[in-house]
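Visitor: Sequence:
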Amino acid sequence: MHNTTTGADIFKAVEEPLKNYNTDFSKCSAIVTDGAKAMTGTKPGLFGQLKQQNIEIPFIHCIIHQEALYGKAIKLSDTMQAVTKITNFIKGGNKFLLHRKFQQFLREHNAAYTDVPLHYAVRWLSAGKCLDKFFAIRKEIFLFLQEPSVPKHDEFKDFLENFESFSEIDHRHNKSS
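To convert, count from 1 in the sequence shown and add 2; that's our numbering.
Calculated directly from the structure, the hints in this document are not laboratory data. These figures come from a predicted structure and were not determined experimentally. There may be inaccurate statements among the hints.
Heads up, simulated DSBU-like pairs for lysine-lysine below, C-alpha to C-alpha not over 30 Å straight-line [to be verified]:
#1 K14 <-> K39
#2 K93 <-> K131
#3 K21 <-> K39
#4 K53 <-> K103
Cβ-Cβ distance ranges computed for the label pairs, FRET-style [what the hints assert, rightly or not]:
#5 E163 <-> G37: 23 to 31 Å
#6 D134 <-> V16: 39 to 47 Å
#7 K53 <-> T7: 12 to 20 Å
Each residue gets a CB set at the ideal place from its N, CA and C atoms; glycine is no exception.
With these hints in hand, go ahead and build the complete structure from the sequences.
Guide: Structure below.
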């Protein structure tokens, strides 16, 4: 498609090869889109063109575009702030006993690291390494914070679940790239 990319143009561009192979849209299980109006528009878009022809096909938002949108929703500074807060909770203040329990917990679970990473705000380069290490032991951190002997901090639970989702998406994206 070199000139225009209206819904009608896209419909024709997809319909022609289907006809060449003696098949039709009924063989399509879904259409994956980037969310552009030419694709999703209810009248002029491909979705609208299919509706006019009484063709029912699910439209799915492309996973790569979902990842990009998700990445924008989670700001790095917010992530770093939460990682630092969790790290300080486990490692800092009057919680030396909690820190020792955490180190023992990591050893018992054969974690990739035997301690939670510490990020120094003064050294920006340490942020990447801190996130890498935190990511590597994220499941153990989540499990440790669920332990009965650990003071409950539900504020961390939501972040860790979101961090887990974000990490999984990031992992799949990096694997496919």
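Visitor: Give a verdict on every hint.
Guide: Hint by hint, here is what the structure shows:
1. The suggested pairing of K14 with K39 holds, with an alpha-carbon distance near 17 Å, which does not exceed 30 Å.
2. The straight-line distance between the Cα atoms of K93 and K131 is roughly 17 Å, inside the 30 Å bound, and the hint therefore holds.
3. Taken as a hint, the K21 and K39 pair is honoured in the structure, with Cα atoms around 25 Å apart against an allowance of 30 Å.
4. About 60 Å separates the Cα atoms of K53 and K103, which puts this hinted pair outside 30 Å; it is violated.
5. The hinted window of 23 to 31 Å between E163 and G37 holds, with their beta carbons roughly 25 Å apart.
6. Here the CB-CB span from D134 to V16 is close to 42 Å, well matched to the stated 39 to 47 Å.
7. At about 19 Å, the CB distance of K53 to T7 agrees with the hint of 12 to 20 Å.
Going through the hint list in order, the structure does not satisfy hint 4, though it satisfies all others.
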